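Here the protein sequences come in this chain order: X and P. Taking the working numbering, I'd label the letters of the first sequence as residues 8 to 121. Taking the working numbering, I'd label the letters of the second sequence as residues 163 to 274.
Hints were generated in silico from the structure; no laboratory data involved. The structure displayed is predicted, hence computed values, not measured ones. Ideal placement from N, C-alpha and C gives every residue a C-beta, glycine not left out. Please note that a few of the clues may not be correct.
Said to hold, decoys possible - What follows is a set of in silico ranges between Cβ atoms, one per label pair, in the way DEER data are often shown:
no., chain 1, residue 1, chain 2, residue 2, range
1, X, Thr22, P, Tyr233, 38 to 44 Å
2, P, Arg239, X, Ala89, 26 to 32 Å
3, P, Arg239, X, Val19, 41 to 47 Å
4, X, Glu59, P, Asn228, 46 to 52 Å
5, X, Glu86, P, Asn215, 44 to 50 Å
6, X, Thr22, P, Arg239, 46 to 52 Å
7, X, Ser25, P, Ala179, 33 to 39 Å
8, P, Ser244, X, Pro68, 34 to 40 Å
9, P, Ile180, X, Ser25, 23 to 29 Å
10, X, Gly23, P, Asp220, 46 to 52 Å
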Amino acid sequence: NAGVTQTPKFQVLKTGQSMTLQCAQDMNHNSMYWYRQDPGMGLRLIYYSASEGTTDKGEVPNGYNVSRLNKREFSLRLESAAPSQTSVYFCASSVVHPSYNEQFFGPGTRLTVL
Amino acid sequence: QKEVEQNSGPLSVPEGAIASLNCTYSDRGSQSFFWYRQYSGKSPELIMFIYSNGDKEDGRFTAQLNKASQYVSLLIRDSQPSDSATYLCALTRGSTLGRLYFGRGTQLTVWP
Numbered sequence: 008n009a010g011v012t013q014t015p016k017f018q019v020l021k022t023g024q025s026m027t028l029q030c031a032q033d034m035n036h037n038s039m040y041w042y043r044q045d046p047g048m049g050l051r052l053i054y055y056s057a058s059e060g061t062t063d064k065g066e067v068p069n070g071y072n073v074s075r076l077n078k079r080e081f082s083l084r085l086e087s088a089a090p091s092q093t094s095v096y097f098c099a100s101s102v103v104h105p106s107y108n109e110q111f112f113g114p115g116t117r118l119t120v121l
Numbered sequence: 163q164k165e166v167e168q169n170s171g172p173l174s175v176p177e178g179a180i181a182s183l184n185c186t187y188s189d190r191g192s193q194s195f196f197w198y199r200q201y202s203g204k205s206p207e208l209i210m211f212i213y214s215n216g217d218k219e220d221g222r223f224t225a226q227l228n229k230a231s232q233y234v235s236l237l238i239r240d241s242q243p244s245d246s247a248t249y250l251c252a253l254t255r256g257s258t259l260g261r262l263y264f265g266r267g268t269q270l271t272v273w274p
């Protein structure tokens, strides 16, 4: 099993360009998440999808859109990139249980916006 | 006040010592608590979770939860240089079961 995979691993954009970050999981998890991580800020949730067909905003959704393409895939789109979106982006997936929620993380995408 | 507060560190301990990492939270409805370890340049990985008051031990790691005082801690006994990483505290809340709320992390360095 590959677990959670993300593409690309690295990306450099110019201000105003658009791009889509791809994420896929092969663990049959219902829930998927997109986070960004900036130095000293921990992980901040951008969007999440509790199940196929549903998406919800997290803590920092402005400037992003998501698509839950199917149970396996959850993509994150930047329509018009800004330097403030320079960050490391992590995708995660999980099975949600009332008392337990282990999230498995992908390797991350390092995005620089010039 | 952020939902999950951690000492930002860095925390530095000698090899073989006990490292103590602390986390406090603001929502009394928080249900389950997690400790993730993140090596530099890598993604977070789960090392412990706890949802009942008291201690939970797994090898050299012990998680402690006190819901009345709203804190959770992670003790690492016999610390090794390979434990050097950032440790992230996270929790779930009853109202948003699937979400994890993360602290900013504490950077731990174990020196030989």
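Right, here's what the structure says about each hint:
{"no.": "1", "hint": "X:Thr22 / P:Tyr233: 38 to 44 Å", "verdict": "holds, 43 Å"}
{"no.": "2", "hint": "P:Arg239 / X:Ala89: 26 to 32 Å", "verdict": "violated, 45 Å"}
{"no.": "3", "hint": "P:Arg239 / X:Val19: 41 to 47 Å", "verdict": "holds, 43 Å"}
{"no.": "4", "hint": "X:Glu59 / P:Asn228: 46 to 52 Å", "verdict": "violated, 38 Å"}
{"no.": "5", "hint": "X:Glu86 / P:Asn215: 44 to 50 Å", "verdict": "holds, 46 Å"}
{"no.": "6", "hint": "X:Thr22 / P:Arg239: 46 to 52 Å", "verdict": "holds, 49 Å"}
{"no.": "7", "hint": "X:Ser25 / P:Ala179: 33 to 39 Å", "verdict": "violated, 50 Å"}
{"no.": "8", "hint": "P:Ser244 / X:Pro68: 34 to 40 Å", "verdict": "holds, 37 Å"}
{"no.": "9", "hint": "P:Ile180 / X:Ser25: 23 to 29 Å", "verdict": "violated, 49 Å"}
{"no.": "10", "hint": "X:Gly23 / P:Asp220: 46 to 52 Å", "verdict": "holds, 48 Å"}
In this structure, the hints that do not hold are numbers 2, 4, 7, 9, in rising order.
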